[in-house]
Every structure is written in structure tokens, then in C-alpha cells.
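Here's the letter readout for the chains.
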Amino acid sequence: MSHKVTIPIGPYHPLQEEPEFYKLIVDGEKVLDVDVRIGWNHRGIEKLSESKSFDQSAYLVERICGICSTSHPFAFVNAVEDIDDIHVPERALYIRTIIGELERIHSHLLWLGLAGHFLGYNTVFMWAWRYREPVLDMFEAISGNRNNYAMMKVGGVRRDIDNTEIPRYKKILNDEVLPAVEMFRGAVLDDPVLAARLKGVGILTREDAIDYSALGPTARASGYDVDIRRDEPYAAYGKVKWNVITRKEGDVFAKAVVRILELIESIKIVNQCLDDLPEGPIDENVKQVSPGDGIGHHEAPRGEVIHIVRCDGTNRPVRHKVRAPTFMNFPTFKKTIVGQTIADATIILAAIDPCYCCTERLTVVNKKDKMVYDAHNLIHMSQHRTWDMGKSLGLSDSELIKRMGKKIE
Amino acid sequence: MTREGVVKSLKSEFGEKIKKFYDKSSRRIYVDVAREDVIGMVRFIFKDLGARFNIATAVDNPDSIEMMYHFDFDRIGLIVTIRAYVPKDDCVIDSILPIMKGAEWIEREIHELFGLEFKGHPNMKPLLLPDDWPADKHPMRKKFKLSTESDTNNQCS
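Top line first, the protein sequences correspond to chains A and B. Using the numbering used here, the first residue of the first sequence is number 2, and each one after it goes up by one. Using the numbering used here, the first residue of the second sequence is number 2, and each one after it goes up by one.
Hints may contain errors.
[Unchecked claim] Below 27 Å or equal to it, Euclidean Cα-Cα: the simulated BS3-like pairs (lysine-lysine) are:
id	chain 1	residue 1	chain 2	residue 2
1	B	126	A	288
2	A	24	A	240
3	A	242	A	53
4	A	53	B	146
5	B	48	A	249
6	A	53	A	200
7	A	31	A	171
8	B	9	A	24
9	B	48	A	48
10	A	48	B	9
11	A	24	B	48
12	B	48	B	102
13	A	249	B	21
14	A	335	B	120
15	B	144	A	335
16	A	288	A	48
17	B	25	A	5
18	B	89	A	31
19	B	146	A	249
20	B	9	A	240
21	B	144	A	48
22	A	53	B	143
23	B	25	A	335
24	B	144	A	53
25	B	146	A	48
26	A	335	B	102
27	B	9	B	21
28	A	172	A	242
29	A	48	B	12
30	B	138	A	288
31	B	144	B	126
32	A	24	B	102
33	B	138	A	53
34	A	53	B	48
35	B	102	B	120
36	B	126	A	31
37	A	200	B	144
38	A	200	A	48
39	A	5	B	126
Note that these hints are calculated values from the structure, not bench results.
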């Protein structure tokens, strides 16, 4: 006899940057349906922006996201520059590209670490975050900040890159970060346990990806080949050589593969930009924005961010629309989780790369609102499944402990 | 598909229905239509021409709500914006949800923040605002002020 149980996941803690609330309808282990609710921390950024000048708005939108903090100002300045085709100095375009790609590197490494943790691969978690540090150090050297770099402004960038520092940045990237990424590529792509654990889990088909207009690695892992850096080149993306990574499978494994291979492409882009960094001014000193509409994008680590700005000739936007990639990617969760098990819920959710704090707060409750599983239990269930799969593949305890750091019981 | 091809097929398919055609730049096109023609044009652009749905934007103008649907032709880097003006005293437009699932959240968002009704939307539950938010207060309307003095007026009670 089937017995439907509702599982609330989330929603809220003031420290979370993106609180969400999921209601999973389950029968035993199997997920039947899901309802997502957002808005727990709606800050009215679009409304606020209408009362800020164009210079202030760039700061404001930088505070939308803590992890990909340059994505929003990047898309915003593109939008304002789109209103009347403002010319931006070459050097500023290259610096923007460098910042954008370094951000992708640190964001994908952060994701990789957390995905590893959910699966019980705590070694991956430690290593990924250890190699994220040098990238943050580079940010600090360039902008003075590990996050919220405040580099973007309409018509240019706020800070220059010191040419004498370039060899040191290249050394960090190529001697520290790149070998680590190559190591992850081997460790994840060739690992039989991860393949068994993640292949075929949480599949998003290409048709569904198109129907939901999915973005970024979520779309590209389903064979939906969208990447605004190639499709409508902005900044210096049209001047560097790199590849758009796609996979056809659409499962969690494919999403991980796309992100890891994208790390290598990002390193390629930063290397080329540092090599070709042109000399010259970094700011156009824009004083006035003409009336009109502008649309700007940036391919953030999670997918295309789009900002739509309308100006009436004053120094403030009349309307400023912000669309983050997770807004389009979240609804696909409805397609990927139905029919899967509770133990896979965390990793399927993590695979679209939303805010992780939410999944830290997973709670399973039965009809009488009595807590059955908390976040710790769910992550443990996920890790336990990895362990069991490793055993069924014939791996010994010691081989598994080498991967997972400890015995999962 | 080329930019000229997109323009040509839009003009031949909709002809007189296009009220205004605004060629903003090589990468941006705006097409004004009546609100009842939006759904047909959205279907044509999304299903027949294979564009990607970027997002919809609403703007609170003095006498109307301006609805814009942005579609991206990725391979040629072109964004086509379909635009319709909805009068404030009859604030209703057809939902485009039957054409694409990706529009569900943005229509719910605009419904709450701008007070625009989407005819045919099957799941018009609160998305961003609290469940007990008053139905007649729309934060993104220009008359809704954020200043602290008017806070008492904006409180939901």
C-alpha cells in the first residue's frame, strides 16, 4: 500500500544567501513530486536599483551573489554599455575577462568540493578547496578583495593589473591550479565508484532543457549547447581560443564532467588574456547615459546572467531587471528528481549548482511534522550509498577509505 | 538562420499584426504587437524559429504595464524582444506557459510584483512574497515607495 509523505527541505536561515524551500512528496524512498518556493530573502534589489545612480548600481548588484559576485556587475555594465554602444578600452575588456574566468575557476572548485562532500569523497572536498585558495589570493592581489571585487564600472574597470605581477599569476595558475584540475579529472572521470553512483542519476533530457530554457553547465550537460561567451562575444571572449564543453547524458556525472573540463578551458582563457593584455587606459570615463533600453549578459559559472536596463536620460535606471541563471535552472529540479530516491536528492540538487547552504538544512518530516531525517542524516545516506556501491564493485575497505577518508557505517 | 532571415520570417508571418518594428542595433530587435497577438508570436519564435527564452520583463509606465519577452537566437547573437502594452484598468495578458515551462516562475513573479494577471496560468501561487501579502500591493509599481516614512503604509496588516 502506498503511503505519501511530505518532506519539507529548507527554507530559511538569515546566513544563507539563497534560501529555498522544497516540499518533496515521497512514497517510501521514491520521490513522487516536488514543489519549490523561493523568496525567503527577497531583497528588492531591482526596486532599490531604481533609486541608485549607474555607478552605485554596479556596487549594489555585486551584492546579489557572494560566490559569483562579479557576474552581476559584469552583465550590468554590459547592459548599460549596450544602450548606446559605449566604447570600452581594450585593456579593460581583457581585465574583465580575466576576472570573469578566475571567478568561474573558484566557483567550479567550490562546487566540486561540496559535491565530493555530499558523496562522501571528503578527500575531493579538502583538495578542491585547498586549490581554490590560490585563486582567491590572485583576486586579493588584483582587486584587494577575496570576494566582491568591485572591478566593474560602466565604461571600464576600476583597477589595473600590474604587468610585473603577470608572471606570478601565470605561475600560480599553471603550476598550482592546473595540475590539481588534471588530478581531479583523473580522480573523477576514471573512478568506478563515482561512475556507478552518478551515471543515470537525475537525468535532464535535451528536450526538457530547451523547454525550461536551462542554462550553463546544467544545459550543456544535457547536450543543449548554449554559451553566451561564444554566441554573442563580449569583453575579450571573441579574441581568445577555447572550447565549449558539452555532454549528451544529462545526468549528475555529465554535469560534474562539464564543470571539471570547463576549469581547464577557463585556465586557457586567463592564460591567453594575461599573455595578450594590451597596454592603454582602463576607463572611458562615461559621464552620461542616453535614454533607451540595454540588454547585457555574462556567462556566469552557473549560466547566463542577464540584466535589462532602461534609462530615461537621468543618472538612474528607470527599470533594472535582473535574471540569474538559477532562476531558470531551479525549475528543472522538478524533472530531474521525480522517480529518484531521497538519498540522491542532495546530489541531484547540488548538480545544478544552487546555493549549498540550503541543502545543509535539509530536513525530512512525516505527516505529523515529526522530524525523521535531518541534513546530517541525508548527507550520511548519500555517503553510505557511495560506500555500498564501492563494495558491490569489489573494492576493499582500504581502497574505499583511501577515497572517502573514513569507513562509512 | 541569419538576422535577415529572422526579420523576414517575422514580417511575413505576422504582417499587419506588427505595430512597430524597432531595429535598435545589429544584436537587438524590438517588435511591438497587441497583447492578444503575443502568444502567437511567442509560439512562432520559440517553436518554429527555435529561439531560447531569456526572460520576460515588466515595466510600470504611467498609463500601462509594458510587457517584454526576450528571445535569444544564440548562434547569431541576436535578441528579439516582443513588446505589448497592457492597460492598467484591464491588467490581463495570456500566459505563455502552455508553450514553454520555463515561463512559469517569471509569470508568477510579475503577477506578484506588478499585479498583472496571466490568463491560463495553472499554478499562480506566491513565489517571492509571503503567503499573507495583500493582493492589491505590488512592490514593483512606481507608486509603491521604499522610504522609511511610508513603511507604515506598506506594511501588510
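Taken at face value, is the distance from the CA of residue 143 (chain B) to the CA of residue 53 (chain A) at most 27 Å? holds (15 Å)
Residue 89 (chain B) paired with residue 31 (chain A) [C-alpha distance capped at 27 Å]: violated (46 Å)
Does residue 249 (chain A) sit within 27 Å of residue 146 (chain B), going by the straight-line distance between their CA atoms? violated (48 Å)
Is residue 24 (chain A) within 27 Å of residue 102 (chain B), Cα to Cα? holds (19 Å)
Between residue 144 (chain B) and residue 53 (chain A), does the CA-CA distance stay at or below 27 Å? Answer holds: residue 144 (chain B) to residue 53 (chain A) is near 17 Å, not above 27 Å.
Would you check the hint for residue 126 (chain B) and residue 31 (chain A), treating anything up to 27 Å between C-alpha atoms as holding? holds (25 Å)
Holds or violated: residue 146 (chain B) to residue 48 (chain A), with C-alpha atoms at most 27 Å apart: Holds - the C-alpha atoms of residue 48 (chain A) and residue 146 (chain B) are around 9 Å apart, at most 27 Å.
27 Å Cα cutoff - pair residue 200 (chain A), residue 144 (chain B): violated (52 Å)
Has the given pair, residue 5 (chain A) with residue 126 (chain B), been kept, meaning a C-alpha gap of at most 27 Å? holds (22 Å)
Holds or violated: residue 144 (chain B) with residue 126 (chain B), Cα cutoff 27 Å? Within the cut-off at roughly 24 Å; holds.
Assess, step by step, whether the Cα of residue 126 (chain B) is no farther than 27 Å from the Cα of residue 288 (chain A), and give holds or violated. Not OK: residue 126 (chain B) and residue 288 (chain A) at ~43 Å, beyond 27 Å, violated.
Straight-line Cα separation of residue 48 (chain B) and residue 249 (chain A) no greater than 27 Å? holds (22 Å)
Violation of the numbered hints given earlier is confined to hints 1, 2, 3, 6, 7, 8, 9, 10, 11, 13, 15, 17, 18, 19, 20, 23, 29, 30, 34, 37 and 38; the remaining hints are satisfied by the structure.
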